[in-house]
Every structure is written in C-alpha cells, then in structure tokens.
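Chemist: Just so you know, the protein sequences line up as chains X and V, in that order. All letters in the first sequence, in the order written, are residues 21 to 322 by this note's numbering. All letters in the second sequence, in the order written, are residues 2 to 160 by this note's numbering.
Worth flagging that the hints you see were computed from the coordinates, not collected in a lab. Beta carbons: idealized from backbone N, C-alpha and C, even for Gly. Do not rely on the hints blindly, as some may be mistaken.
[Unchecked claim] Have a look at the derived ranges for each label pair, beta carbon to beta carbon:
| hint | chain 1 | residue 1 | chain 2 | residue 2 | range |
| --- | --- | --- | --- | --- | --- |
| 1 | V | Ser14 | X | Asp53 | 47 to 53 Å |
| 2 | X | Ala296 | V | Arg81 | 40 to 46 Å |
| 3 | X | Ser125 | V | Arg67 | 38 to 44 Å |
| 4 | V | Arg67 | X | Ala296 | 32 to 38 Å |
| 5 | X | Ala296 | V | Gly16 | 26 to 32 Å |
| 6 | V | Ala56 | X | Leu137 | 49 to 55 Å |
| 7 | X | Glu54 | V | Pro15 | 34 to 40 Å |
[Claimed, not checked] With a cut-off of at most 25 Å between alpha-carbon atoms, the simulated SDA-like pairs for lysine to any residue come out as follows:
| hint | chain 1 | residue 1 | chain 2 | residue 2 |
| --- | --- | --- | --- | --- |
| 8 | V | Lys24 | X | Arg98 |
| 9 | V | Lys25 | V | Thr5 |
| 10 | X | Lys290 | V | Gly117 |
[Unchecked claim] Now the stretches of chain X that chain V is said to cover, found in silico as 3 or more residues with beta-carbon under 8 Å:
| hint | region |
| --- | --- |
| 11 | 249 to 257 |
| 12 | 286 to 294 |
The primary structure of each chain is shown beneath.
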Amino acid sequence: MRPCDRREPRLCLLPPRISRRRGDPPRAILKADEAELLELDGEPFPIEVVEGAGSYVCGEETALLESLEGKRGVVRARPPYPAQAGLYGRPTIVSNVLTFAILPSILARGGSWYASLGTGRSSGTMVLQLGGRVKQPGLVEVPFGMSLRQVLDQFGGGMAPGARFKAVQVGGPLGSLFPSSKLDLPICYDAFAQAGAVLGHGGIVVYDHETDMVDLARHFMAFTAYESCGKCTPCRIGSVRGREILERIQSGGGSLDDLALLHDLGETMKVASLCALGGRAPYPVLTAIEHFPSEFRSKLNA
Amino acid sequence: MKLTINHRLVVASPGETVYSAAKKAGIAIPGLCASDHLNPFGSCRLCLCEVEGQAGLPASCTTPVREGMVVHTESERLTRLRRNILELYRSEQPAGGEHPEALERLAKGWGWRRYGIGSRRCARRSSTTPIRFSRSTMRSVSPAPAACEPAMKSKAPMP
Numbered sequence: 021m022r023p024c025d026r027r028e029p030r031l032c033l034l035p036p037r038i039s040r041r042r043g044d045p046p047r048a049i050l051k052a053d054e055a056e057l058l059e060l061d062g063e064p065f066p067i068e069v070v071e072g073a074g075s076y077v078c079g080e081e082t083a084l085l086e087s088l089e090g091k092r093g094v095v096r097a098r099p100p101y102p103a104q105a106g107l108y109g110r111p112t113i114v115s116n117v118l119t120f121a122i123l124p125s126i127l128a129r130g131g132s133w134y135a136s137l138g139t140g141r142s143s144g145t146m147v148l149q150l151g152g153r154v155k156q157p158g159l160v161e162v163p164f165g166m167s168l169r170q171v172l173d174q175f176g177g178g179m180a181p182g183a184r185f186k187a188v189q190v191g192g193p194l195g196s197l198f199p200s201s202k203l204d205l206p207i208c209y210d211a212f213a214q215a216g217a218v219l220g221h222g223g224i225v226v227y228d229h230e231t232d233m234v235d236l237a238r239h240f241m242a243f244t245a246y247e248s249c250g251k252c253t254p255c256r257i258g259s260v261r262g263r264e265i266l267e268r269i270q271s272g273g274g275s276l277d278d279l280a281l282l283h284d285l286g287e288t289m290k291v292a293s294l295c296a297l298g299g300r301a302p303y304p305v306l307t308a309i310e311h312f313p314s315e316f317r318s319k320l321n322a
Numbered sequence: 002m003k004l005t006i007n008h009r010l011v012v013a014s015p016g017e018t019v020y021s022a023a024k025k026a027g028i029a030i031p032g033l034c035a036s037d038h039l040n041p042f043g044s045c046r047l048c049l050c051e052v053e054g055q056a057g058l059p060a061s062c063t064t065p066v067r068e069g070m071v072v073h074t075e076s077e078r079l080t081r082l083r084r085n086i087l088e089l090y091r092s093e094q095p096a097g098g099e100h101p102e103a104l105e106r107l108a109k110g111w112g113w114r115r116y117g118i119g120s121r122r123c124a125r126r127s128s129t130t131p132i133r134f135s136r137s138t139m140r141s142v143s144p145a146p147a148a149c150e151p152a153m154k155s156k157a158p159m160p
C-alpha cells in the first residue's frame with residue numbers, strides 16, 4: 021500500500037498470522053532495507069510494516085485504511101474511493117500482497133509473457149490455497165482458465181484416503197459452495213461471476229461425504245456474525261439472525277418458513293450491506309441450500 | 002448542480018448528499034441514522050436508492066450529488082428491502098418493551114416479525130446488571146430483565 025504523495029511513508033498492513041508465525045514478509049523488507057534496495061528514482065523508499073490486529077474486515081480496503089489511521093476497523097462509504105481520498109484523506113492505492121509477489125516474474129520475463137497466460141479478461145495467474153480433504157493440500161499458482169477439477173486432481177492429487185467428494189468452496193469463508201456437477205468451471209473472473217460466485221483470495225476448500233452441510237452453512241454465518249464490523253444493519257443484525265435460524269434448523273426446530281426467511285434475509289444482506297462481508301455472507305448458505313436441499317429439508321420440523 | 006430525484010428536477014450544491022438534496026426539495030427518504038448534526042455514516046441502509054447507470058443500491062445519505070444524475074428513492078424493490086431491514090431492527094427490540102418512536106413510525110403498518118422479538122442479546126444482557134446512567138433524567142439504555150424473560154421462552158433454544 022502506498023500513498024501517492026512520495027513524501028509520505030509507505031505502509032503495509034499484515035495479518036498477525038503471517039507476521040507472527042512466519043515473520044517472512046517483515047524480514048524480507050528488513051533485508052531489502054539493509055541492502056539499501058528500498059529506493060525509487062534514487063530517493064529512499066521506506067516501507068513500514070504495520071501489524072494488523074486480526075480483524076477479517078480489515079482486509080477490506082477502506083476498513084484497512086481506518087485501521088492504519090489508528091481507528092476502529094470499520095468500512096467507509098464509497099465514494100470517495102481510496103484513489104480519491106484514502107489514508108489520512110490523501111489519494112491512496114491499495115494493493116494486495118499477491119500483486120507485489122507477481123512483480124518479480126513480470127519484471128524478469130516481461131508484461132507480454134504474463135499477459136499471454138490466462139484466458140479472456142482474466143489474464144495472468146492466480147494463486148490458490150488448496151485445502152480440506154484433498155490428498156495434497158498446499159499453495160499453487162495456476163494460469164487463469166484451468167478448471168476446478170484439473171486443480172483438484174493435478175495439484176490436490178484427488179481426494180484424501182477414504183474421503184469422497186461432496187462440495188468445494190472457492191473464495192474463502194464467503195465463497196459459494198459447488199457440488200461435483202460444477203467442477204468443470206474454469207477458474208477465471210468471468211465464469212465465476214456468471215456462476216454467481218467469486219474467486220476472492222483464491223482459497224479452495226474441499227469437503228468430503230461426511231460433511232454436514234447445515235452445520236457448514238451455520239458455521240459460515242456464525243463467522244460473519246463474529247467478524248461483522250457492526251457498521252451497517254443488514255450485516256450486523258442480519259448475520260446474527262441468520263446464524264440463529266441455521267442453529268434452529270440444525271437443532272430440529274426449523275420449518276419451511278425458515279428456509280424462505282433465509283432467502284429473504286440473503287437478498288437483503290447481498291444488496292443492502294455496506295461491504296462485501298455482509299454482501300457475500302449469504303452465498304455459502306444459499307448455495308448449500310441450492311445444491312444440497314435434502315439435507316436441510318430432512319432436518320425441518322415438518 | 003441539477004439532478005433528478007423521483008422524476009423531479011432538484012437543484013443541489015456540490016458536496017451535498019442525495020439524501021439532503023431530496024430533503025430540501027421536500028422528498029422524504031426513510032432513514033434512521035442520517036442527521037443534520039452528524040457527518041454521513043451510512044449505517045441503517047434504509048435510505049438506499051437506485052441511481053440510473055450505476056450498479057447496486059447506494060445509501061442516499063453517503064452518496065454525493067452529481068450533475069445530471071437520475072435517482073429513484075421509491076420502488077417495489079426498495080420498499081421490500083426497507084421492510085426487511087426494519088424487521089431486523091425490530092428483532093433486536095425487547096419483548097413487551099417500549100420501542101423507539103422513530104423505528105415504529107417507519108415500521109407503521111408493517112407487521113412483519115418473522116424473526117421473533119427479543120433476541121439472544123437481550124437474554125444475555127438480562128443476566129448482568131443493566132447499564133444505567135446516573136442522571137435521573139436519562140432513561141435506562143438496557144431493557145429491564147423482566148421484559149426479557151418472555152423473549153427467552155418465546156423462541157427455539159439458542160445455544
């Protein structure tokens with residue numbers, strides 16, 4: 021992250037899980053500083069590393085800016101966009117660490133090489149975090165356009181021993197759930213947008229046949245209820261009510277009306293929330309109901 | 002600066018929000034958090050509006066006016082969303098308690114209470130001492146425990 025005014029210090033905010041457990045990004049910056057590599061056009065280009073306090077919503081660019089200013093990490097209304105008025109009201113470009121991570125390859129091999137990778141409007145590569153019940157979890161970087169199935173088979177090595185595929189979630193805890201019939205979906209922005217899904221930060225989690233989809237849906241709504249910054253009503257109250265409805269369904273006290281209410285609540289959160297946390301929260305729940313309706317119906321109290 | 006709100010030509014000054022421009026022109030947009038005395042915050046989301054040529058439904062209280070913009074503040078979809086949001090607000094109110102006037106004024110005639118009333122927050126709060134301001138002129142900000150008890154029984158158990 022870099023305020024455009026070059027007199028300002030350059031800052032970056034790292035989640036504590038990276039800076040504490042690995043220590044690598046701060047160490048890399050320290051080493052670059054020691055080697056006097058941190059300069060731009062002959063002038064010093066200091067990078068200050070600020071450790072985040074662990075809030076999920078501080079990954080959202082405006083909440084991140086609030087946090088960097090020492091305020092509570094809540095989302096700002098846009099406009100103005102950070103590029104107009106960002107950190108301390110100055111024009112600010114907020115970039116993901118992934119963006120910087122790809123720069124050395126582009127500088128070494130050229131922009132046309134990078135642009136030649138990928139498909140359609142999604143050019144280049146995507147870094148994926150492959151997890152869950154695959155044989156070989158880990159980080160992989162693939163060109164856009166590869167199908168989910170190819171990624172799971174080629175890099176994940178298929179399912180873990182004894183596990184049978186049930187669903188895959190792409191894009192983190194707010195990502196849509198896909199059944200096996202959707203595995204040929206290519207990993208690119210257009211195809212995902214068409215499928216009503218997001219690539220998000222590229223997290224891929226595979227769930228096996230033992231996964232309780234009602235419990236999974238409840239888990240993700242509980243996640244949003246916990247992480248909501250509380251600024252806007254659809255997310256602050258909606259996520260709590262959503263979690264309660266799913267808890268009720270799970271405990272056998274739910275009804276068909278509860279499923280209808282989840283749809284209504286989902287629509288409200290999707291379009292009325294201030295940021296993507298509330299706006300995306302209904303997706304894992306609604307796609308779980310869409311693709312695994314029998315699991316929800318069987319728990320309903322007639 | 003000229004814009005159109007609900008098919009009416011409205012004149013506004015640059016930097017003004019759609020919400021305040023509408024208000025000055027006598028077009029009331031529902032809202033709970035917008036105030037002449039505070040900076041725009043965009044919390045309640047009741048003042049959502051439709052702007053032609055723009056995706057999504059921005060809050061009119063945080064949306065700056067633009068020359069020539071065409072805004073709609075009333076539609077079937079907006080009404081449905083406002084009802085849903087008010088229903089969420091109501092779900093936080095204590096059972097049997099007095100509800101905030103502004104909330105009830107907006108929710109007038111809308112009987113939706115599909116989430117039930119009196120939530121778990123209320124039940125949790127009742128187990129501790131309610132927060133009270135020391136000055137006698139100020140009312141308690143927390144529902145009295147008695148008001149919460151029916152709510153705890155009314156709905157399915159929450160772990």
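Chemist: With reference to the structure, classify each hint as holding or not holding.
Modeler: Verification of the hints:
no., hint, in the structure
1, V:Ser14 <-> X:Asp53: 47 to 53 Å, "holds (48 Å)"
2, X:Ala296 <-> V:Arg81: 40 to 46 Å, "violated (22 Å)"
3, X:Ser125 <-> V:Arg67: 38 to 44 Å, "holds (41 Å)"
4, V:Arg67 <-> X:Ala296: 32 to 38 Å, "violated (24 Å)"
5, X:Ala296 <-> V:Gly16: 26 to 32 Å, "holds (27 Å)"
6, V:Ala56 <-> X:Leu137: 49 to 55 Å, "violated (29 Å)"
7, X:Glu54 <-> V:Pro15: 34 to 40 Å, "violated (49 Å)"
8, V:Lys24 <-> X:Arg98, "holds (21 Å)"
9, V:Lys25 <-> V:Thr5, "holds (13 Å)"
10, X:Lys290 <-> V:Gly117, "holds (22 Å)"
11, 249 to 257, "holds (count 5)"
12, 286 to 294, "holds (count 6)"
Comparing the model with each earlier hint shows violations of hints 2, 4, 6 and 7; every other hint is respected.
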